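Construct the complete structure from the given sequences, taking the supplied hints into account.
Going line by line, the protein sequences match chains W and P. Following the UniProt record's numbering, the numbering of the first sequence begins with 1 at its first residue and continues without gaps. Following the UniProt record's numbering, the numbering of the second sequence begins with 1 at its first residue and continues without gaps.
Read the hints as simulated data drawn from the structure, not as lab findings. Computed from a predicted model, the values in this text were never measured in an experiment. Idealized CB from N, CA, C, for every residue including glycine.
BS3-like mimics (lysine-lysine), calculated; alpha carbons at most 25 Å apart, straight line:
1) P/K113 to W/K309
2) W/K258 to W/K283
3) P/K113 to W/K277
A short list of chain W residues far from chain P (calculated; beta carbon distances all over 10 Å):
4) D67
5) G286
6) Q302
7) D356
8) K397
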Amino acid sequence: MKHRLSTVVATAAAGALLAGCGGGGPSSGGGKISDDKIVLGVLTDLSGVYADIAGPNSVQAVQMAVDDFKKKYGDKAVTQNIEVIKADHQNKPEIANTQAREMYDRKQADALFDVPTSSAALAVQTVAGQAKKLYFNTGAATTELAGKTCNPYTYEWAYDTYMLAHGTGSAVTAQGGKNWYTIYPDYAFGQDMQKKFETAITGAGGTIVAKDPTPFPSDNYSTFLLKAPRLKPKPNVLGALQAGGDLANVVKQYEQFKLKDKGIELAIGLLFDSDIKAIGADKLAGTTFTTAWFWNVDPKAQAWADRFKERTGQRPTFVQAADYSAATHYLEAAQKAGSDKAADVSKELDGTKFSDFFAHNATIRAEDHRIVHDAYLAKVKDPAKASEPGDYTERVKTIPAAEAFDKPSPDCHLS
Amino acid sequence: MTSFLQQAFNGLVSGSFYALLALGLAVIFGMLRVVNFAHGALYMLGAFGAVALADTTGLGFWWALLLVPLALALTGTLLERLLIRRLTALDPLYNFLLTFGIALVCQDLLRMKYGAHSQPYERGPFTGSMDLGLFDFPRYQVFVLAVSVTLCLAVWLLLTHTRIGTIVRAATERPELTRAFGIDTGRWVTPVFGFGVGLAALAGVLAAPMRAVNTGMGSDLIITVFAVVVIGGLGSVFGSVLAGFTIGMLQALGNLYVPVLSQTSVYLLMAVVLLVRPAGLFGKEEPA
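Structure follows, in structure tokens:
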């Protein structure tokens, strides 16, 4: 009995590490407005680690864009049937693959939105290419989406690892943080972040003293925090490229090991309001980070964020703001084209310059479908200066669109 | 060398959590023959208990360390009485599924209330670091190690030097024979389950000041803890504790010297142990 059970437990433990597999589905074509309706699909993490950053409120953001569009055009809208559907990809690429197929093929989705987790986003991009339907990424950060794996059906609306790294990496190095020890979670996002930070840091005249991959997810970072002060030369910046719960672990333990007192400052790769809340704004006050947008960056953003709060009771993240912006531009383009066919909509979008509440001085680059726009170098606000409990971010400077994002990748050929 | 010792010590600290959880799993399995898949969720509930206690009543860490494990142990006894007991006569897989389901329900209920992001907990004691001779170490983490080692020793003494311990050990090794001697093993089942649950909750409270408190914290950890009990030998208290501390050290040193293997080393070790000693390092083969 004992013998058999231990095998069961071992198998279950191994099984929990692995995941299911994907399936296929039939493909369908489209007319002017296919099936006389436009379906916007939000494929997101509805209950996992990214459910607060994207999740149910991303669905709300897209629904809000649809409602606003209907109100604006009334009877003149390209179709009266605009529907929003949602699905949970649980941050797993194989589930994202199956769900995306299901949404495009069976549920007649014309465009998908959101999709946090880089590996899942890459899977959806592939499916979009096969289905020949559009996908607006706002949740995933990998630059590969507009690089090696780019296709004419995918747009990158919000942010990427280049933007995060070049904002923070260059700024902190320029402020005197010359010697870096970087730790990055060992999966697509972390590895990509590490590369981008290295380029940014060395480009600004800094050095990477050491870099270490960390298990993902992990609740113990002591190994690396102990190692940091012993490195030669001693680093003066610890670059923590973890996200979400992992980041909270790093910062809590960074505090306990008193690395700040040992002359090692903390720089963070990706920071959301939910992280600041989890770690404590007082602990993070003054920490530099880069963001695509925050809800009170300017009055226009705040006005939209107020409407969003009325609807959801919460302040939006930049991913959710980008979902609204992307969905609105998609619907406007379909309206102009009088069609929801990917090629017709793309023709309207490509090369467009615009400024909305989310993206300032934005261009939809025709070369790689990256939307370049202003980004912000920011720091965590001193809680004493906050106007409300969710007011965490203070702008240090605006990074102009041309500097915020990398030039189109030579690896990407859309046509 | 100092660096090596420091890292090994750090490994013992993370091993503290593995040991407390594995110890609870081991006594529960020994007594009930139930693989408690809800153990990770109970660890998470312990941490959330500390957060909720601070939020609602303002009571700090020491109160949490006392009250939360007691409250959850009590909940655990109810769980055993009302649900788990009904399935023990059936194939072990039934309780396996039941406890797994309980874990999912706990996670999702908390997620409804708190969301998926981490919760702040700022009531941890001992903020400074202390001099351990060769190196400095955060005072709180030294405290965690001390608590874990003390508890494991106490349980060991309890099992080897008291009448209750003798009964529990006898019931673990030869349940039928023990009953044949006229000892009512049934009445010890519920307290033992509650005790195991209390240990998991205690580990959760200990984790709150130094780890991210979120609904995923238990499910991330429990997979490693299962590997730990399999390596130590299911039902072997001594083996589980020893494997807990060993795996903690192995991971810490692995992170440092062979980062590629840090995530897989535990499972590689588990695979090797299962091949060589299918009952685990300290487990006993039982006639099927």
